[in-house]
Amino acid sequence: MYSDLLHALPDVFSLANFAAVVIGVISGIVVGAMPGLSATMAISVLVPFTFGLEPLVALGLMAGIYNGAMYGGAIPAVLLRIPGTPAAVATTFDGYPMAQKGEGGFALQVAVVSSAFGGIASAFALMLLAPPLSKVTLLFGPSEVFWVAIFGLASIIFLLGGNPVKGLISACFGVFVSVVGSDPIYGNDRFTFGQLEMLDGINIVILLVGLYALPPVIDLLETPLKTSGVQSSKLGTEPIWKALPRMKTYWTTWLRGSFIGIWIGILPGAGGSMAAFMSYNEARRTSKTPETWGEGEPEGVAAAEVANNADTASALIPALTLGIPGTAVAAVMLGGLLVHGLQPGPMLFRDNPDIVFGFMWQFLFGAILLIILGGSLATNSFARLLNLPRPLLGSVIIVLMLIGVYSIHGRMFDVYLMLGFGAVGWVMDRLKFPLPPVVLGLILGGFAEENLRLALRIGRGDPMVLFQNTTSLILVALTVAVIVGPSLKKRFIDKKKVDDDAAG
Amino acid sequence: MPASKTPRLARPETLTALGIILVAAGFLIPTFEQRAISALLPATMLIGLIVLSVLLLVSDQRKAAAGEDAQPMTKSPKRVIGAFGLIVAYALATDFIGFYVSTAVTIPLVAWIFGYRNPLGLLIATLIVTGTIWAIFDFGMSQDFPAGRLWER
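Chains as they are written, first to last, in this note's numbering: chain A, 996 to 1499; chain B, 5 to 157.
Chain A on its own, in the form it takes in the complex (with noise of 0.2 Å):
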């Protein structure tokens, strides 16, 4: 089960993909610190300039932005006091008085050290529990590849709290997207209405653009920030090995930060943010001196940054095994995967372990190299990415969307398609419609109806071929409890909380 893993390793050296994981880190890092920009933005603008890439170098380049954006993150929140990135919110609790202090440079080297514990448990987690669960997922024919496809939908509408009725429209956009063009199985045309470019669906990166890359360029240009100017003088930066023996203490945090982000990621519709405010909030719990959180407690940081990288390579676990992403980014992932001819789930392991298992360990690297490019000296640099001017690099990110929507196909009517995405996506952000059931919705829509169909030829049309096994029926009911589940909790648990505060 494990040697293909090791088989993988030695094209994950082969110069043009290692050089993909330090650029994908180095750039990562660059986004991750523009507050306004995230991960899922820059994979999602990246996406379509890949596709003449090889999958491994494509790979690599969205596992190193994703691992260099989460720490990237960190440093406008302890500089600044604005995250980079939402899973930095916790990051700024005692990064920023630290920097106040004087300290801003150790605080930025505990968040680098600290992300890339995160990272490496993250990925060593990708590595040991992926393979497994491939295998029993290679069991499951259509009905229970039809139920994983509902199941995953459910628990990101469920699951992602929010108003549930604006996570299922969300859902159902998604599906619905998904089902434009030919029909799998009939060929007779859905929704083309006459236009040819429709026939063979809506590209998945074209959706992406515009949802996950339009609003933050409109947010940006919205809202001009003006950043006071950070000086690196003022940093107070020492080389990195001298600042290792004072975090020789952290090991606790960091292992249980590493487990919660790790968990926290497994879970679909929980993401980043989450994990930080778990970790900080346990590690504050279990500290000896909680009166020095939140006043440039560099444990603190520590807490939050472990946790919000851990869950990056674990997010990836039912995204990988299942087709199920965790998180927004590994949803924004799956297109990448998709893109490349690789579409996530059981088959993914049997029929391309070398690129599925390389790209584990371009989560490990990409973790690793974290504390090269994002140590000491690098550190000084990305801090003065704070001073470029927003509505420059909003200019430059709209020219840079429109080239890779139109490098897919070559036409126009793809970039129109987008910016009609991108108006429907600006909307449901502001609304508070969450955006990864779409995405999941189009990659999971067509895979169910096509498994469905399949199902119910197989029974000769009958519905009840869908419950007629146990794993079907174990789906089901993993289905009904994500539905139910949070309700209940809503209804007994949280009224028994405020019951007995309300006693005390």
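Since the hints were derived computationally from the structure, they do not count as laboratory data.
The model shown is predicted, which means the values in this text are computed figures rather than measured ones.
Keep in mind that a hint or two might mislead.
To be verified - Stretch-level coverage of chain A by chain B, calculated; a stretch enters the list once three of its residues show a Cβ under 8 Å from a Cβ in chain B: (1) 1163-1170; (2) 1272-1283.
Said to hold, decoys possible - Take a look, some chain A residues computed to stay more than 10 Å from chain B by CB distance: (3) Arg1076; (4) Lys1130; (5) Leu1133; (6) Ile1180; (7) Arg1185; (8) Thr1218; (9) Trp1258; (10) Met1459; (11) Asp1495.
Virtual Cβ for every residue (Gly too), placed ideally from N, Cα, C.
Starting from the known structure of chain A, arrange chain B on it as the hints suggest.
Same frame as chain A, but now just chain B:
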């Protein structure tokens, strides 16, 4: 009961729900001409969208009746409309006038309008971005960008 400032039918969620209902109903019409098995999933999703939007509409109207004010979608609508308008104009200009001319104009124009007004910085950024795109895509990868429909005639 406190009165809501936004007219009840002009609340963003209400307008969105009504929009989804109208569009989904419009898309539902072609499903009647499709084979039953082909129309199964799309029709289910469209009906689902209509039902869910009705729920959203009812919930938003209940909030309005309770006097809860709707959050505005943006604090600076002019900037949002301007940004989106410029992006659409850039796409149209690329299509009709050509990629390089449109890009060379759009980068400084968007940055200038939205607050970055350093002529030298704009010139350098435009030259670097346009030049890099040409070197990587046109020269290195032989990728053709739109030359402009106006000139094709």
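Cross-check of the supplied hints:
1. Here's how the stretch 1163-1170 of chain A fares: 5 of its residues keep a CB closer than 8 Å to some CB of chain B, so the rule of at least three is met and the hint holds.
2. Counting residues of the stretch 1272-1283 of chain A whose C-beta lies closer than 8 Å to any C-beta of chain B gives 0; at least three are required, and the coverage claim is violated.
3. The Cβ of Arg1076/A lies farther than 10 Å from every Cβ of chain B, with a closest approach of about 21 Å, so its non-interface assignment holds.
4. With a least beta-carbon separation of about 30 Å from chain B, Lys1130/A lies farther than 10 Å from that chain, consistent with its non-interface assignment.
5. Under the 10 Å C-beta cut-off, the non-interface status given to Leu1133/A relative to chain B holds; the minimum distance is some 26 Å.
6. Some Cβ of chain B comes within 10 Å of the Cβ of Ile1180/A; the nearest lies about 8 Å off, and the non-interface call is violated.
7. The beta carbon of Arg1185/A sits about 6 Å from the closest Cβ of chain B, which is not more than 10 Å, so the claim that it is off the interface is violated.
8. Distance check on Thr1218/A: its Cβ comes as close as 7 Å (rounded) to a Cβ of chain B, failing to clear the 10 Å threshold; non-interface status is violated.
9. Listed as outside the interface, Trp1258/A is consistent with that label: its C-beta sits roughly 31 Å from the nearest C-beta of chain B, beyond the 10 Å cut-off.
10. Even its closest Cβ contact with chain B, about 17 Å, leaves Met1459/A beyond 10 Å, as expected for a residue assigned away from the interface.
11. Distance check for Asp1495/A against chain B: the nearest CB is about 29 Å away, which clears 10 Å, and the non-interface claim stands.
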